[in-house]
Each structure stands twice: as structure tokens, then as C-alpha cells.
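J.: If you want the building blocks of each chain, they are given just below.
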Amino acid sequence: MQIVVRLATGGTILDITGDIDLAHSPAMRKALLLEIREKKTPKVFLNLEKVRYIDSSGIASLVEGLKASRDQGSRLILYGLSKTVREVMELSRLQKIFEIHDSEAQALAS
Amino acid sequence: MALSPRRATGTQRSSENIISGMGVPVRGGRVAKNRLKGRGKAQQKSEMLLKLELQSNPEALCLVRATIERAAEVLHFRDAETRAIVRSVDEALANVMRHAYGGRPGLPIEMSCHKLQLGDKKAALGGIEILLADKGAPVKPTTLKSRPLDEIRPGGLGLHFIRESMDEVEFSRKKGKNLLRMVKYLSPTPQAAASEGE
Numbered sequence: 005m006q007i008v009v010r011l012a013t014g015g016t017i018l019d020i021t022g023d024i025d026l027a028h029s030p031a032m033r034k035a036l037l038l039e040i041r042e043k044k045t046p047k048v049f050l051n052l053e054k055v056r057y058i059d060s061s062g063i064a065s066l067v068e069g070l071k072a073s074r075d076q077g078s079r080l081i082l083y084g085l086s087k088t089v090r091e092v093m094e095l096s097r098l099q100k101i102f103e104i105h106d107s108e109a110q111a112l113a114s
Numbered sequence: 002m003a004l005s006p007r008r009a010t011g012t013q014r015s016s017e018n019i020i021s022g023m024g025v026p027v028r029g030g031r032v033a034k035n036r037l038k039g040r041g042k043a044q045q046k047s048e049m050l051l052k053l054e055l056q057s058n059p060e061a062l063c064l065v066r067a068t069i070e071r072a073a074e075v076l077h078f079r080d081a082e083t084r085a086i087v088r089s090v091d092e093a094l095a096n097v098m099r100h101a102y103g104g105r106p107g108l109p110i111e112m113s114c115h116k117l118q119l120g121d122k123k124a125a126l127g128g129i130e131i132l133l134a135d136k137g138a139p140v141k142p143t144t145l146k147s148r149p150l151d152e153i154r155p156g157g158l159g160l161h162f163i164r165e166s167m168d169e170v171e172f173s174r175k176k177g178k179n180l181l182r183m184v185k186y187l188s189p190t191p192q193a194a195a196s197e198g199e
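Heads up: the sequence lines are chains A and B, in that order.
Mapping the first sequence onto my numbering, position 25 (from 1) lands on 29, and the numbers just tick up by one.
Mapping the second sequence onto my numbering, position 2 (from 1) lands on 3, and the numbers just tick up by one.
Careful, some of the hints might be misleading.
Here chain B is said to cover these stretches of chain A; the calculated rule only asks that three of the stretch's residues, wherever they fall, bring their Cβ under 8 Å from a Cβ of chain B [what the hints assert, rightly or not]:
1) 5 to 17
2) 38 to 45
3) 58 to 69
So the derived label-pair ranges between C-beta atoms look like this [as the list claims (entries may be wrong)]:
4) B:G107 with A:A113: 46 to 52 Å
5) A:G22 with B:D80: 34 to 40 Å
6) B:G104 with A:T21: 21 to 27 Å
To give an idea of the chain B side of the interface with chain A (calculated C-beta under 8 Å), a few residues [unchecked claim]:
7) K46
8) L50
9) P59
10) L64
11) E82
12) R84
13) D91
14) M98
15) Y102
16) P106
17) P109
18) F162
19) E165
20) D168
It should be emphasised that the hints constitute simulated quantities derived from the structure, not laboratory data.
All C-beta atoms, glycine included, are put in the ideal place defined by N, C-alpha and C.
Given only the sequences and the hints, what does the whole structure look like? Please build it.
T.: Structure below.
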């Protein structure tokens, strides 16, 4: 899994590539919490277009990020979810809890 | 180190398999239950597809997912079913690594996959049976619970994913090993389901 951090209007985009599983979710969690808690970024966009797989540990990291963003009064915005990732979100019944958009343009405009 | 001995091809399930003894069956969804009506387990025949001996290293998970995905495709599972099988195996292995072995790497996990064929010729759709065995801390089947989904908090989802994704899930412990048996049956094609309903 690779994480590329880039600046965007009003926030930061984390481009994630690869699988978010037990081996790699700690790295995503760390990057996410760094942006939210340490840098206090007002909007953190998580680009999941190139994520092929996410497991329950990845979902747990996203939930932790969401909670941290609520604590900070910031926003965590997801976009570009593949069918596999959407399925897992639906299984978790978390798709309505997260702010999710189809594309980067929609996410940035939100 | 090997899993419980099984005959390789076309044999009925042996009395040593993990259904017997301490097995605690946990059934899957309603559709699966309906599909299984009238098909006793004694009718199932299995054929070994593959056997893996791996270690409790999370880096191995991507390799196992790729292998299981291919096995499900070979058995003609549909895409959504294949994703469900891959998800379940991944979550089950992650649970072994995190909970049974407490995150310690390099400890043994055995996995085998079997092609299931049902004895009932009219509905011989078959399926896949996946067996996992580890030597970690005992898992108490009666205490295994998925967390309530209305709680928004990290963790506790893996078992829920497995139960939602597979038709049969059974935990047991035998001879110092935690054993997990998961089964997914092939769904009938829309045409076959329609003709069955006539």
C-alpha cells in the first residue's frame, strides 16, 4: 500500500493505493490521525479510487479517523470507493455515517 | 504439521471432521438456509483443492486472498460470491493472527480448501469448504459475538463480515487447535432458480 499526501483547497488529500488490510491499515491510520490530530487539517480527503481491498481493520481505522475529526471539529471525506470497498462499508452499515462522494471533483466541491 | 486427515477425492465426510465434537455451528443468511433445506451434511462429498501452511504474518494475507480468489473463480462462483469468500478467509486469518496468536508473527496456521459436491443430483450445485487450524489461545465459541452495528466504534467487525458472507461457519477446538470451518454454496443461476420455483 502507498500513501501520497497532497494539498487541496481547504485541506489535504491522501491518495491510497493498494490493499488496506491487517498489514497496512496501521500506516493508513497513522497518516490519517497525523493530519487530523497533529496538523489539525480542517478537511481531510481520502482518495480510495485505487484501493482494491479493505478489511475490518481498515474500516476500524476509518472509524477512528472519523471520531478524531469529529473531536477536532474537522471533516473526513471519502471518495472513489470501488465495488469491493462499498460492499464492506455496507456490510458494516457505515456508509451513511461517513461523508462519501463519487469523485474528487464532487468531494472538493462539498 | 497437517490438518485433520481427510480422504482426497469423492469420499463422504469422515467422522473426524470438525463438525463433530465441540463444533458450534453458526449459520449464515436466510437464503442459504433455504437453499440447504433437505440436504443433510451426510450427503456432502468433498475433494481437496489446495492446502496451505502459512505463518502468522499479516504480509501473507495478500497472497492468500489472491489464491482463494482464483480457487473460487475456478469453482464458478460469481464475482460477489468470490469477494465474500475472499473477505471471510482474510478476516478469519486476521482474527487468528490478532487474537489467537496475540499479534506474534511466525506462528503456524494451516488452511485447506475443498470442493463440495452435494449428493442430491437435482441440485448438485456444490460449493467450497475452507478449514483453518491454529495452535493459538483457545477461542471460546460461546463467547464469540459480533458487536452491535449501531455502535460507531473501531473493531469487532471481522466476525460479522464472516457470518454475513458465508453459508456455514463453525468454530471448534480439538487436540490443542482452534478449528474454523466455513462453507459457501454456489447459488443457482437465475434460470435454474426460476425453473426450480415452477
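J.: Look at each hint and say if it fits the structure.
T.: Evaluation of the provided hints:
| no. | hint | verdict |
| --- | --- | --- |
| 1 | 5 to 17 | violated (count 0) |
| 2 | 38 to 45 | violated (count 0) |
| 3 | 58 to 69 | holds (count 8) |
| 4 | B:G107 with A:A113: 46 to 52 Å | holds (48 Å) |
| 5 | A:G22 with B:D80: 34 to 40 Å | violated (20 Å) |
| 6 | B:G104 with A:T21: 21 to 27 Å | holds (25 Å) |
| 7 | K46 | violated (31 Å) |
| 8 | L50 | violated (22 Å) |
| 9 | P59 | holds (4 Å) |
| 10 | L64 | violated (11 Å) |
| 11 | E82 | violated (12 Å) |
| 12 | R84 | holds (6 Å) |
| 13 | D91 | holds (6 Å) |
| 14 | M98 | holds (6 Å) |
| 15 | Y102 | violated (12 Å) |
| 16 | P106 | violated (11 Å) |
| 17 | P109 | violated (17 Å) |
| 18 | F162 | holds (6 Å) |
| 19 | E165 | holds (6 Å) |
| 20 | D168 | violated (16 Å) |
Going down the numbered hints, you'll see the structure goes against 1, 2, 5, 7, 8, 10, 11, 15, 16, 17, 20, while the others check out.
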